[in-house]
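All chains should be built: construct the whole structure from the sequences, respecting the hints.
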Amino acid sequence: HEPRAFPMCALLERHAAQIRAEVLKLREQPRDFTPVGGRAAHDHTLVAAGEWREFPLFGNGRKHEANCARCPATARALERIEAATSLSVAGGGEAIFSVIRGGTKLRAHCGPTNLRLTCHLGIVVPEGCGIKCGDETREWDEGKCLIFDDSFEHQVWNQSAEDRIVLLLNFWHPQLSLEQRRIEMQSAFGYEVK
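Counting in my numbering, the sequence shown tops out at residue 261, every number present.
Treat the hints as calculated values from the structure; they're not laboratory data.
Just to be clear, a hint being listed does not mean it is correct.
Stated by the list, open to error - What follows is a set of in silico ranges between Cβ atoms, one per label pair, in the way DEER data are often shown:
| no. | residue 1 | residue 2 | range |
| --- | --- | --- | --- |
| 1 | Asn181 | Glu209 | 18 to 24 Å |
| 2 | Arg71 | Asn181 | 19 to 25 Å |
| 3 | Ala228 | Thr112 | 33 to 39 Å |
| 4 | Glu194 | Lys92 | 22 to 28 Å |
| 5 | Pro193 | Arg249 | 38 to 44 Å |
Think of the CB as a built atom: it goes at the ideal place given N, C-alpha and C, for glycine as much as any other residue.
See the structure below:
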């Protein structure tokens, strides 16, 4: 998908320097980034080689208050993206700092639904990193967003010796109406909208 079609990309890119500064400060305590798979048990099976770690901000039906307090500029930016936060609170998505360690390869896999899209804001992107989604292969650019439908088969790799870091967020597919979102939140995610 073309990032320019999504106003949230301009918002994230405008705050990219602040977001980068916050995640780099968080990285001073690397133990705070947990292996992927602790919150969604099947995710750990996606690592074919290497290590994938995360720092959750929104997901599993809630805002991770303590984590958001440690990166307030990032949290403020995310809170302005209703399509992402409402999906996270409903249990259908997340917003995390995603770290793919050097030498890591994720198996080809598909997300659970086409009700959402995924945005990656490139934060630290060494050479040798890429993503293939469907038939397209892309690389991240630092400070820029990449948008894709993770229900299509995709895989990620980092052939460098350094970490690749992105801000990953899922958000409601823009072709869904508010009524369709409400129905999906009740039926698929068990979350009732008042």
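The hints, checked one at a time:
no. : hint                        : in the structure
1   : Asn181 - Glu209: 18 to 24 Å : 29 Å, violated
2   : Arg71 - Asn181: 19 to 25 Å  : 22 Å, holds
3   : Ala228 - Thr112: 33 to 39 Å : 25 Å, violated
4   : Glu194 - Lys92: 22 to 28 Å  : 24 Å, holds
5   : Pro193 - Arg249: 38 to 44 Å : 42 Å, holds
Of the numbered hints stated above, those contradicted by the structure are hints 1 and 3, listed in ascending order.
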